[in-house]
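Visitor: Turn these sequences into a full structure, and let the hints steer you where they fit.
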Amino acid sequence: MQPNLTQAAMRESEARLRLGELEPARAAARHAREIGATEAWMETQLGRIDLAAGLGPAAGRHLDRAVAIEPTNVSVLEDLARAREMAGDTTGARAARARVANLTRAVTPAR
Numbered sequence: 001m002q003p004n005l006t007q008a009a010m011r012e013s014e015a016r017l018r019l020g021e022l023e024p025a026r027a028a029a030r031h032a033r034e035i036g037a038t039e040a041w042m043e044t045q046l047g048r049i050d051l052a053a054g055l056g057p058a059a060g061r062h063l064d065r066a067v068a069i070e071p072t073n074v075s076v077l078e079d080l081a082r083a084r085e086m087a088g089d090t091t092g093a094r095a096a097r098a099r100v101a102n103l104t105r106a107v108t109p110a111r
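Numbers 1 to 111, taken from the working numbering, label the letters of the sequence shown in order.
FYI, nobody ran anything at the bench for these hints, they're computed from the structure.
You can take every hint at face value.
With beta-carbon atoms standing in for the labels, derived distance ranges: (1) ARG11 to GLY88: 27 to 35 Å; (2) ALA101 to ALA27: 34 to 42 Å; (3) ALA98 to ILE35: 34 to 42 Å; (4) ARG30 to THR91: 30 to 38 Å; (5) THR91 to GLN7: 35 to 43 Å; (6) ALA52 to LEU5: 21 to 29 Å; (7) LEU19 to ARG94: 29 to 37 Å; (8) VAL74 to LEU22: 19 to 27 Å; (9) ALA98 to ASN4: 33 to 41 Å; (10) THR72 to ARG94: 14 to 22 Å; (11) PRO24 to ASN4: 13 to 21 Å; (12) ALA8 to GLU39: 16 to 24 Å; (13) GLU78 to ASN4: 23 to 31 Å; (14) ARG11 to THR90: 28 to 36 Å.
Every residue gets a Cβ at the ideal spot worked out from N, C-alpha and C, and that includes glycine.
Guide: Listed below in structure tokens is the structure:
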């Protein structure tokens with residue numbers, strides 16, 4: 001059985017991010033993209049790495065690209081709100097949170 005190298009590289013990047021090893025996480029994310037990870041995953045991961053580094057504007061650029069690809073991904077929208085807030089863009093943060101609220105309301109069953 002052949003190991004899935006793309007999944008391994010993605011998991012490496014995620015693990016290194018959790019450990020606070022930001023540059024190795026970034027390198028693993030780029031490697032994962034080179035060998036098959038989706039653009040949406042890579043942009044999300046790079047945005048999360050930039051969030052961890054305190055780079056709100058850079059994180060926002062990556063997360064904007066991820067949201068453009070996956071506009072209903074609540075997790076990415078929540079990260080985008082954090083990036084906007086970190087960058088001092090309270091209007092953008094509120095807009096991202098409003099999208100999250102609208103999406104979660106749309107999938108929450110009525111009682």
